[in-house]
Structure formats: C-alpha cells, structure tokens
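Just so you know, the protein sequences line up as chains A and B, in that order.
This note's numbering runs 792 ahead of the 1-based position in the first sequence.
This note's numbering runs 59 ahead of the 1-based position in the second sequence.
In case anyone wonders, no lab produced these hints; they're calculated from the structure.
By construction, the Cβ of each residue, glycine as well, lies at the ideal position given by its N, Cα and C atoms.
Careful: at least some of the hints might be erroneous.
[Unchecked claim] Chain B is nowhere near these chain A residues, computed Cβ spacing over 10 Å in every case:
1. Ala809
2. Arg862
3. Thr879
4. Ala918
5. Gly960
6. Arg1063
7. Pro1074
8. Leu1185
9. Ala1238
[Claimed, not checked] Capping the alpha-carbon separation at 20 Å, the derived lysine to any residue pairs in SDA-like fashion look like this:
10. A:Lys996 x B:Pro469
11. A:Lys996 x B:His245
12. B:Lys160 x B:His245
13. A:Lys1006 x B:Arg237
14. A:Lys996 x B:Lys356
15. A:Lys995 x B:Asp239
16. B:Lys356 x B:Pro469
17. A:Lys1159 x A:His1230
18. A:Lys1159 x A:Met1198
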Amino acid sequence: MFADGDFDLRTPEPALAADLVADLHLETLWAGMARGDGRLFALARAATLTPLRDPAAIAYRQEALDDCLRNAAAVRALHAVADAAATAEEKIIRGPAGSSEGLLNRSVRVLELFCGHLRELGRLVAPHTHGFRSAAFTRLLTVIRTELDEEYLRSVETFLRRFDFEHGIIAGARLGEGNKGIVFRLHEPPGKGRPSALHRRLKKSGLTYTLPGKYEEGWRALNAFRSRLLGGVAGAVSESADHIRDFFRALRTELGFYVGCLNLAETLSRRGLPFCLPEVRPPGTGVFTAHELYDPCLALRLDGPVTGNDVGADGIGLIVVTGANRGGKSTFLRSVGAAHLMAQCGMFVPARSFSAAAAEGVFTHFKREEDRSMTSGKLDEELARMSGIVDRLRPGSLVLCNESFMSTNEREGSDIADEIVGALTGLGVRVVLVTHLHEFARRARAEPPDGRLFLTAGREGGFRLRPGVPSPTAHASELYARVFGSRD
Amino acid sequence: MAIRSILFGAGESFPVPGEVAEPEYFRDLNLDRIAAGVAEAGKEPGVAALFRLPTRDTRLVAFRQQVFRDLEEPGVREVAERFAAAMARTRRRLELIGRMKHPPQAHRWHLDLVLEHADAVTAFAGALEGIELTAPGLRALRDDMTEHVREASFLRLREQARALHDRLGEVRYDILLRGDRITVAHHDPAERFDYAEQVLAMFARFRPDPGGRPPERPGDMGLDQVEAGVLDLVVELFPDVFRDLAAFSEAHRGFIPAGLIGLERELRFYLGYLAYLAPLREAGLPFCHPAVSATDKTLLAHDAFDLALAAVLAERGERVVGNDLSLDGDERVLVVSGPNQGGKTTLSRTFGQLHHLAALGCPVPGSRARVFLPDRILTHYERAEHPEALASKLEDELLRMRDILALATPDSVIILNEIFTSTTWDDARELSATVLAGLSRLDAPCLWVSFLDELSGLDPKAVSMVGAVAEDGTTRTYKVVRRPPDGRAHALAIAERHGLTRARITERIGR
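Throw the hints in and build the complete structure from the sequences for me.
Written as structure tokens, this is what we have:
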C-alpha cells in the first residue's frame, strides 16, 4: 500500500467523515468491495477515507492494482494464506498474563504453526516469477523467495525443539533494586549426556534452596521465579512469533485492499460498466476532466443502466449545477466525490476516463432532512456544519454542496452563499454547488465567467447534465404533479 | 544548619500551621474550592491550611509576591518542582521500607533512598546556583542549600552510600533451577549467557526494524519466599558486603532534616497555586501581582474574574468574562444591581477573592490591581432555602447583619449578597437604607448585591454597577457593559456568528 511503510488501519479518519460517508453513500461502495467480509469492508473504509495527495504514492498503488487485475487468482490465494495464518494464530489461547512459561510454550506452538504457512507462501509464488511487474509485488515476491527458503524453515524447526529445558535452567544474575535478583541472562539449555563444566560447578556449590513443603503459595513463588528466569528468552521467542504474525497480518491487510478492488472490478465488468485507472495530478493544479463519470454506489444498487456525465472543468473553481428535481444533480455530486476518493486511494474510478487534481480533503455539505437540533434554527444548524468544514479546509480542498443555505428566504440564502462560496473559491478551494438559489446563480452568472462552469439538469435527456444556464424554476410543480397526481 | 522559611520571611522558623479552621467566608466566596484545587494541584493536603492564613503585613505580601514572580519563570519553577517531586518520592519510599520484613532487602532500599535523596538535594542546590533569582526568600534558600550540601556530614554520608552501592552492583552469581531446587554459585565469566540473543538472531529477518531488546519490566518492590530464599544464599556467598550494608542502614535511619520537610510544604503552596493557575493562563486569562496597602482603602481591578468559576469554565473550554472594579477617593460601597443571571454574585465573589488572595501574597485574577489588606472579611450570602416562615428568615438575616456590623471595624471588608429579599419592597428599602447608613459611618470597603437599584443614590460613598446580560444567541456574556444593537441583516449576522463571512473565512483558512 505504501512504498515505505505498512498500511495502518488505525489511522484516524478525517473529521466530518460521518457526513461524507452518509452523503456519498460510501457504505454501498465498501459493501460492493467487501462481499460480506467485515475485514475487507473495514479496509475499504480506511483506504477511501484516508486519501493520498502525492501522485507518486497513488501511482505506486495503481501499478500494484494493475498487477492484481492481471493475476487475480494468485493474489486471492496469497490473501487466503495470510488470512489463514493470522486467523489460526488468534485461535491459540494465551496463558495467564505474566507467566513467561506459558508465553514461551504458546510462542513455540505459534512458530511451529507459522512454518507451515510460510512454506505455503513459497509454494504459491514459485510459478509467478514473471507475472508481476509493480514495485510493490516484486518486493514481496523477492522477500518470500529469498528469506523464507526451505533450509531456513528447517533450521527454525530444529531450534524450536530445544525449548523443553528438560535438564534444568542455567542463568546469570546480579542484584537489582532492593537486592532482588535481576537480569537473568539465560545460558544455553543444559543438554543430555555429560554435563558442562558450568553445570558441574553449580551442582557442587552446596548453596541450595529447596522449596519447603507443598504449599500452594510456595509453588506459585517458584513458578514466578522460573518465569522470570525464562522471561528474557520467552520475550525473545514471543517477540519473534509476534513479528511473523504481524507479517501475516500486514500481508492480509495490504492484499485485502486489493482483493476488495478485485471484487468491485468483477461486479462492474459483469454489468458492462466502464472503469479506468485515473490520472491524478498534484493538488492545486485545477485539473478535472471526465468522460462518462457515474456514481458507483447508484450503479451497485440499481439493476438497470446508469447515466454517466462528461465534465470538462480544467481550471474551473466553481461548478454550479441547477435544474430539474430528480434530474441527476445529487447523483452527479456523489459521482464527483466518490471518484476523487477512489482515485486518491489508488483505485480505479467509475468513468471511461478521468483526470483530476488530488483534493486536499473532500467535504460534503448536503441539505439535512430534518432539524435535529432543539436549540438553534435550521439555518444555524447548516451554518454550524459549514463552519466545521471551514475549520478543516485548505487551498485545494473539494467541497460538494447540495442545496445548501436554503433554509432561509432566497435573498438571504443567496447573500450567505455569495459570501461563503466567494471566499472559498478565492482561496483556491474547489466548490461544486447544487442549488435552487436562482438569485445566487443569477449573480454568479453576471460576473466574468472565468473559473466557473454552469451545468443544468433538464427534463429531456434522461439524467444527463449539460452545460447550461440556470432555468428559472426547478420543475418542482411537475415533480409534485408526478408524485401526487395532478392538482387539477 | 537551618533552612529559612520561604513563606514567612527571613529569621523566622517554620510555623507549623497544624489545624487552622476554615474562615467562615470561605464557602460564600468559593475560596474553599480554590483551596482544595490548589492543594490538589500541589499534591499536598497540608497546603490548604497555609491557604487560610491571610496577612496584613505588606512587607510579607511583597516577600511572597517576589517568590511567586521568580517561580513564574519556567526555569525556576522547574527546579522547584523537581525537588518537591523528589521529596515526595523519598517520603513515600521511606514509609514502604518501614513495612518491609526481610532485612537484606529493606537495607538495600534504604541505602538507595539515601543516595537518591542526596542526589536530589545536591541537584537542587546546584540548580539554584544556576538560575537567576531576585526574591530575597529564594536567595536565602539558595545560600542555605549551598551550605547544607557542603557540610562534612552530608558529604561523608553520600560518599559511604556510594561506595556501598558500587560494591553491591558488582555482585554476580549463577543459578541452576531444576524441579523445586535452586542452587547458587559465584559467577563464571568465561561462560556465554546469550540464549535470548540466539533466539532473536534466528528470527531477525521478521523484525520490522533492527531495534534493541524490549526493556526489562521493572520488578515490584516486594520479595516472595523464593526470592528471599535465594537472596539469603547470596548473602552467604558475599558475607562482607551485606554486613556493611546492615551497619549503614542502622546508622542512618532518619536521614531527612526537618528543615527540608518544611521547605517542601512551603514550596508546594507556591507551586500548587501556580499549577492551579496554569490552565487558566493557558486559556489567556490575565493574572497580576496587586499593589497592596493596609491603610489606603481605594480599590482598583482590571479584568478581574471569579477564580473558582474560571477554573470550571476553562476546563470546559468556555469563555471567562473579566470585569473592572474600582473604589476611588471616599467611595466605599459598590452597589451591584441588574437582571438575574447577569453575573452579579460572581462579581461579589470576585471582589472577596481579590482581598483574600492579595492578603496571601498570591497573584490575583486580573490584568492590574490595587487592593486593601483588611483585618477580616465578612460575608452575608443567602443561605439555602429554609422551610420556615418568612418572618424567621428575615429575623435570621437581621441577626446576621447585626453580628457583621458588631464584628466589623473600619478596616474590614464586607460583602452582602441579596439580603432582605424575603420581605416587602418597602421594608427592604427601609432596612437597606439603615444598613447602608451604618456601613457608610463604618467606612469599611463593601460590595452589596441588591435588587434595589436606587440604593446607590442614597449615600455619597455608594457607587452603582449594573450587571447586564447580553444574549447573542449562543453564549451569554456576563459583562457590565451594555451592547448597542449593531443593525446588521439577520442572516449575515448569523453567518458572522459562525465565523462565515468572507473576511473571517479567509482569515481562518489562510492562517
């Protein structure tokens, strides 16, 4: 997922992610990638909500994804092995906390188990020497081939058999705080046969403590002592087991994202919908051109065909979308948002072609159905949300507004929209605004057209948007008539 | 050697406060909460008693203000905090050692504690030498500490402890554990004890970055029977060093001088108060060292606020409103009136706290202040509702009023909050006028919260303050100043409140 680090699921989600998820219907997208696998869902979620900005980092994933699309079966098999190893490890019960002996025994068992899975990985990659081209997969395959060879795996298995300490434990110590014995450095376990010089010397020492009686407390203390003697080695063994587990988990995580992409690609292909690896430009370059851009979430929900839109908005800071209700305006907004998020996590995008400047965060400000706040009015609620967005905006951010500032009269709403949209575009924030505020649209059109694009949803032409000026009414009465029947 | 007090000035010994009863006005003025907060921030319950001892001695106030000023420097405060923390740790450890059963263990803890304490004291003395000090109290402390760590007895103790510690540090032994038997012998340096490293080397290729070994987990202070048994074997293996250890421990049981214990408590008074103020200062609230007088009764305070309330508001991230207070020339009585919830009671507490805190020598809330040091503070706040008849409540109030006027001298400070609310307006007015005349004759500084706004017109020594509440829709501003309506369009005014005008957005994103 990254050229220089692991993908961390715990990366904090951007603020306001909840609004973004709800407004763009992202859960539908993730469900399409996960196919019921909770872990894949979480991965898809984490990846889309932590978009990259650096085109090189995005290209790194695009190349890996390209490898995956060409070697889908092999990638799915590798993911399955990583998943099996990580899952099996989780099923081996941990002993009580603080017992080094329990920790040691468990870690030895885990390591024995992992040897099998490591062998399986080696077996899987053997036939695919030339199938993968990306830096990411080349590196992974090299590691598996050179570091996890059979010779190494056998020496590990031999080593693991010596951990039973059948002939006692020998350690060196010194006095720590309060004269407690500390830093028990373990000697190699005494073996069978003739004892070593050290072993003989210890046996002759004569200073011996024998646990008195058979009291439980004494045995507990003895176990604790033994545990501390083994502590260093148990720590080393368990640390090693953890590292191999982390290797499998990381592999499962990173491949999991690509498996999600494969799932979605399969579904879209089966439905005959186009998708492409996008061209992502650095933030602030103002590029945005797409052909047949559609909303993948709508496509996943509907069985019928979905309408794509063409957008030529290079150098455009403000896109104003007006026109008929149910004309595809909101769907267009969602397609813009989803495509940016997908492009910026290294995925393909739902379009025949797509090039865009990476956004410094995607934000949505959609009309809310009901006012949940008891204290302040609806306009207050809208503005408080916008203020929360402003807190996080930077030049190059993308703001998608759906019927914002409509909760007051048109004049005031237009005044506010003017104020806010003017400030944002002036600062290099890209805004796509779906609005019925004709006063606002009229004023925006009256100004010089540089950097503005007007799209309109018409009654004809299905749900496709065309460049065009705002129409005076939103065809609400027509919609009303259609829904409720004629008012005559 | 003696260490002079940094709270009561040069030449005096440490007066141990013992049980100082909480003054009656503490609860009314929320000073009890401040004292508790300071004691908590100072991590020393004994500080609360020091907080109950205001003074009229302007020289002593100045003495403490200078100590506060020095300690407000982060470099100086850090030195003091480090020492106080080390002292607390030493006291805690000493208590634990007293309960230990196994002598070789207890003796070792004691030895290390002596060393740790000597190091902390030496470090403190050295650090005091290295910082700029202007307060006479702290300069005297520096001299005393320098002398203390140069004394032969101190140096000898430290030297002995160190030598013994080093000898114990060289003790090495080998262990064989098999079944229920543990055998101990002198260490064999020729052998390799590196099995853990062998393990790590075997699995090194899975290590994400070649880091060091995980840190040893610190053992607990206790010693179970097996550990004790093994330690007894080690004592047999190295008899000389353990005999010397036992002798050392016996010889130096109570090794912390009383002067240092007193010093720690006094430091905690200062540090606790400053720690209590720290989050408020961080929130941008001003504090100042007031000019004080035991004779001049005029009052001046800019941007003053209720410290107890501010502590609560700052924690919640809410805004604190400061107010200006003044009594000039012959003015003695501040009459505060205005609507409910306008911050009148808060202002009365601010007034009272100013006088008490200034008389402790503490920095007070506000950007600038001049405060009279009273001989006592007398308060009359409405008590919790009694279910009794109105007449008896009025009677209670009058009795309380009579007590106050009997106790008060011209040098007292009096605070009255909403009295005579339980009688008719005419009666209240007449009673209030009588009390006001008495206060005026007394000539004591006074703040009176009253619903009778015309009260201030009845006496030339009275001045009026009006609390006004400005409701701007989201927050209440407890300011004494009225706001003119600004006549902006409604919607844009709301946008402005959310920081969404063009100018504000540009400012917010641009920064």
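Hints and how they fare:
Remark: the non-interface label on A:Ala809 is consistent with the geometry, its nearest Cβ contact in chain B lying 20 Å away (cut-off 10 Å). In this structure A:Arg862 is separated from chain B by more than 10 Å, as the shortest Cβ-Cβ distance comes to about 29 Å. Under the 10 Å C-beta cut-off, the non-interface status given to A:Thr879 relative to chain B holds; the minimum distance is some 19 Å. With a least CB separation of 19 Å from chain B, A:Ala918 remains clear of the 10 Å interface cut-off, as annotated.
For A:Gly960, the shortest C-beta to C-beta distance to chain B comes to about 3 Å, within the 10 Å cut-off, and the non-interface label is violated. A:Arg1063, annotated as away from the interface, keeps every beta carbon of chain B farther than 10 Å; the closest lies near 41 Å. Every CB of chain B lies more than 10 Å from the CB of A:Pro1074, the least distance being 19 Å, so the non-interface label holds. In this structure A:Leu1185 is not separated from chain B by more than 10 Å, as the shortest Cβ-Cβ distance comes to only about 5 Å.
For A:Ala1238, the requirement that its beta carbon stay farther than 10 Å from each beta carbon of chain B is met, with the minimum near 18 Å. A hinted pair counts as satisfied when its Cα atoms are at most 20 Å apart, and A:Lys996 with B:Pro469 does not qualify at roughly 91 Å. Between A:Lys996 and B:His245 the alpha-carbon distance is near 12 Å, which keeps this suggested pair within the 20 Å criterion. Between the alpha carbons of B:Lys160 and B:His245 the distance comes to roughly 26 Å, so the proposed pair goes past 20 Å and is violated.
At roughly 16 Å between alpha-carbon atoms, A:Lys1006 and B:Arg237 fall within 20 Å of each other, so this suggested pair holds. Annotation: proposed proximity of A:Lys996 to B:Lys356 is violated, straight-line Cα distance about 89 Å (limit 20 Å). Simply put, A:Lys995 and B:Asp239 have alpha-carbon atoms about 14 Å apart, close enough for the 20 Å limit, and the pair holds. Distance restraint check for B:Lys356 and B:Pro469: the Cα-Cα separation of roughly 10 Å lies within the 20 Å cut-off, and the hinted pair is therefore satisfied.
Using a Cα cut-off of 20 Å, the hinted pair A:Lys1159 and A:His1230 holds, with the two alpha carbons roughly 17 Å apart. For the suggested pair A:Lys1159 and A:Met1198, the alpha carbons sit about 8 Å apart, so the restraint of at most 20 Å is met.
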